[in-house]
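So the sequence lines, in the order shown, correspond to chains S and Z.
Offset between the first sequence (1-based) and our numbering: plus 1349.
If you count the second sequence from 1, position 95 lands on 82 in our numbering, and the numbers rise without skipping.
For the record, the hints were derived by calculation from the structure and aren't laboratory data.
Treat the hints with care, since some could be wrong.
In the PhoX-like style, the derived pairs of lysine-lysine whose C-alpha atoms are separated by at most 20 Å in a straight line are [unchecked claim]:
{"hint": "1", "chain 1": "Z", "residue 1": "44", "chain 2": "Z", "residue 2": "68"}
{"hint": "2", "chain 1": "Z", "residue 1": "85", "chain 2": "S", "residue 2": "1449"}
{"hint": "3", "chain 1": "S", "residue 1": "1449", "chain 2": "Z", "residue 2": "44"}
{"hint": "4", "chain 1": "Z", "residue 1": "44", "chain 2": "Z", "residue 2": "63"}
{"hint": "5", "chain 1": "Z", "residue 1": "68", "chain 2": "Z", "residue 2": "97"}
{"hint": "6", "chain 1": "Z", "residue 1": "97", "chain 2": "Z", "residue 2": "63"}
Just a few of them, taken from the derived set where beta-carbon distance is under 7 Å, the chain Z residues facing chain S [as the list claims (entries may be wrong)]:
{"hint": "7", "residue": "30"}
{"hint": "8", "residue": "85"}
{"hint": "9", "residue": "86"}
{"hint": "10", "residue": "89"}
Virtual Cβ for every residue (Gly too), placed ideally from N, Cα, C.
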Amino acid sequence: SQTIHQWPATLVQPVGSPLSLECTVEGTSNPNLYWYRQAAGRGLQLLFYSVGIGQISSEVPQNLSASRPQDRQFILSSKKLLLSDSGFYLCAWTNGQGVKLFFGSGTQLSVL
Amino acid sequence: GQNIDQPTEMTATEGAIVQINCTYQTSGFNGLFWYQQHAGEAPTFLSYNVLDGLEEKGRFSSFLSRSKGYSYLLLKELQMKDSASYLCAAPQGAGGFKTIFGAGTRLFVKA
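Modelling step: build the complete structure from the supplied sequences, incorporating the hints.
What follows is the structure, encoded as structure tokens:
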């Protein structure tokens, strides 16, 4: 069966520090991978998605970047965090077009 | 444009029925999803509609009208554990690779 792992679960970082969140999927090949962010009490905002290794689509201009160095690995990064980067970050995958998303357990990021 | 609207909050009584509405405008239609999200947790899939009509799955049902850009989620025999946010979502564009979410409806179930 397929599983998705996302870590860490919580993270507290000072403003201006770097960020690296990692997500891996097991039990499937060539998944579509996604990073979403959810501000407190708000909906999910799509940040990045990837349909293959090295293919990254950015949805919102921001202080973040994403990379897909391997088929089932998706990384969210920042060189210098801003206060506004705080939120609940969710990695997700699908195995095709227009199908349901499977989410990781999320990372609660607090930038202080 | 691409837009998904749903009410911000709803309150209902344990054992009752509640209907959560969603209206959407999408570039290309690839179906309509509903997810449930408990506080501090990831969303989990509830239902998917791609054709008009009602899809029933236990206590939860979802309805779709493509011509009206409208969907609803119906929760029957409400339980306290149903207190959560319910997210309406739609894959966008020709490939349907990008799923866009509404802001979610927070449902409070009271005894």
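Here is what the structure says about each hint:
Taking the CA atoms of residue 44(Z) and residue 68(Z), the gap is about 17 Å. The hint holds against a cut of 20 Å. Under the criterion of a C-alpha separation no larger than 20 Å, the hint pairing residue 85(Z) with residue 1449(S) is consistent with the structure, at around 11 Å. Of the pairs offered as hints, the one joining residue 1449(S) and residue 44(Z) holds, with about 16 Å between alpha carbons and a cut-off of 20 Å not exceeded. Taking the CA atoms of residue 44(Z) and residue 63(Z), the gap is near 11 Å; set against the 20 Å cutoff, the hint holds.
For the given pair, residue 68(Z) sits about 10 Å from residue 97(Z) by alpha-carbon distance, which is consistent with the 20 Å threshold. Using a Cα cut-off of 20 Å, the hinted pair residue 97(Z) and residue 63(Z) holds, with the two alpha carbons roughly 14 Å apart. Given hint, residue 30(Z) at the interface with chain S, holds; its Cβ is 6 Å from that chain's nearest Cβ, closer than 7 Å. At a threshold of 7 Å, the smallest CB-CB gap from residue 85(Z) to chain S is about 6 Å, leaving the interface hint in force.
Below 7 Å, beta-carbon pairs count as interface contacts, and residue 86(Z) has one with chain S at about 6 Å; its hint therefore holds. Nearest Cβ of chain S to the Cβ of residue 89(Z): about 6 Å, under the 7 Å cut. The hint holds.
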